Amino acid sequence: MEEFTQILLLFISTVLINNFILVRFLGICPFLGVSKQVETAFSMGLATTFVMTLTAAATWLINTFILEALNLPFLQYVSFIIVIASLVQFVEMFIKKTSPVLYKALGIFLPLITTNCAIMGLALLIPLNGYSFIASVVFGFGAGVGFTLAIVLMAGLREKLEFGDVPGVLKGVPVTLIIAGIMAMAFMGFSGLISM
Amino acid sequence: MNPTYLYSLISMGGIAALLAAVLGFASERFKVEQDPRVGKVEDALPGANCGACGYAGCEAFAEAVVNGEAPVGGCPVGGDKVASDIADIMGAESDSSDKVVAELICGGGIKETTKSGKYQGIETCKAAHAVNGGEKECQYSCLGFGDCEVVCPFDAIEMSENGLPQINYDKCTGCGKCVEECPRNVLLLAPLTAKTHIRCSSHNIGKIVRKTCEVGCIGCSLCAKTCPVDAIEMVDNLAVMDYEKCVNCGKCAEVCPTGTIEFQGEMIEKVEINDNCVGCTLCAKACPVDAIEGEVRKLHEIDQEICIQCGLCYEACNVDAVDLFYEDENQ
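Chains as they are written, first to last, in full-length UniProt numbering: chain A, 1 to 196; chain B, 1 to 331.
If you are wondering where the hints come from, they were derived from the structure by calculation, not from laboratory data.
It should be emphasised that the depicted structure is a prediction, and the values quoted were computed from it without experimental measurement.
Treat each hint with caution, since some may be false.
[Unchecked claim] Here are the simulated lysine to aspartate or glutamate pairs, EDC-like style, with alpha carbons at most 20 Å apart:
{"id": "1", "chain 1": "A", "residue 1": "K104", "chain 2": "B", "residue 2": "E63"}
{"id": "2", "chain 1": "A", "residue 1": "K96", "chain 2": "B", "residue 2": "D275"}
{"id": "3", "chain 1": "A", "residue 1": "K104", "chain 2": "B", "residue 2": "E161"}
{"id": "4", "chain 1": "B", "residue 1": "K111", "chain 2": "B", "residue 2": "E180"}
{"id": "5", "chain 1": "A", "residue 1": "K104", "chain 2": "B", "residue 2": "D275"}
{"id": "6", "chain 1": "B", "residue 1": "K285", "chain 2": "B", "residue 2": "D275"}
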């Protein structure tokens, strides 16, 4: 029971308190690039969550049983990169075969995730924090959910903003960045929620 | 040798080999049967995944092309070369007769028109149109500053020395950007197969047109009366072509007193059916004026009095039973 509570707390803290985008500033590129429409933003979030969860599991296994066992922590970067890249490729093929509908929904975002720094950040944070296997998977899943939450919120705001009376100099990217900053500050409010 | 090197080599090599094997296996196991043309079209594309075509990457565009949703020339980066490559892959489908291209419906270049004054200002059609209508007296004419040339994404429009846009049908994709851009509305989209064009947009009465332009439509309505299929309608002193009805017989161009109507095809003098005819009635169905008495399995005959020499029966015939005699020499 104690362990379950810990996992639950880890999940909530990853989603809200240590949100990947708004607190750790990872994955800013898709956050600004793919947040024009709620629908596409959600697809992106879905794909990212999917890949993050799998990445967490795969990199934990490789890190624990190969890199740490052989005392080769300096290989983390290289091996994680190829693992993530191949994993995304594999997932893409698998989805294409099994669920063309999902494949269509994720579209171009799936291969783009390969180069998303949030995924790499996730893979590197896991050994740093020394999570167990289950905790790693939950951490990965929570990171994905947090990513989706932030990007969908952003897309919702930007959709409304389309009709807003924004001063000329701030139109487009500037106002988006300001919103991102305010959102990040708002998420700081969660920091007192749980103390771990 | 330091074991660290060895371990690194073995572990990285092992991981890479394992992943390669898994991916190799997966690509076979999870192979999705798709139209082989999709792969071929994708190979022909630049592969930059730039998204300029409006699709999410080259693969999505290739799929749309094969499904007939996107035009073969839809890749702005690849241009002519890629478009023709894709057209080859897609075969005859791409050369379908419903390709539309931009057509200029004004023949009044610098030579043909009279000037009303000198225009000094920003050298774009839009500016000239907004200020005083440019140099030409006819207020319906092409202004000749080449806004269409600038806006064309495929370099299909070039301004001639006579100050009129010339459209390169090979490059034109029928996107309609020039049609939207033209402030005078002297560009329209017409089927590539259309060979008869009325090159005037002036609604002025004949007297004024005579004064301002050598090749303007004076609204005499001879063409509308001559047209055997009623494809030309008179709208406020201007003959307007209905491309859907036109059979490209060229009769209107013959009677036009001002040379406003351009006929790009060859005039046919006589059409005859020879002994190859198997009596399939295809030609009779194609004939717009019912000049062919088509009884099944009998040699068809053309009523020369009704025939308008459009040549549609020649195109419809599958067995080379229709002979066309052109005006200069036989066939």
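Results of checking the hints against the structure:
1. K104/A to E63/B: Holds, because 12 Å separates the two Cα atoms, which is no more than 20 Å.
2. K96/A to D275/B: violated, 58 Å
3. K104/A to E161/B: Outside the cut-off at roughly 51 Å; violated.
4. K111/B to E180/B: violated, 26 Å
5. K104/A to D275/B: violated, 57 Å
6. K285/B to D275/B: OK: K285/B and D275/B at ~19 Å, within 20 Å.
In this structure, the earlier hints numbered 2, 3, 4, 5 are contradicted, and the remaining ones agree with it.
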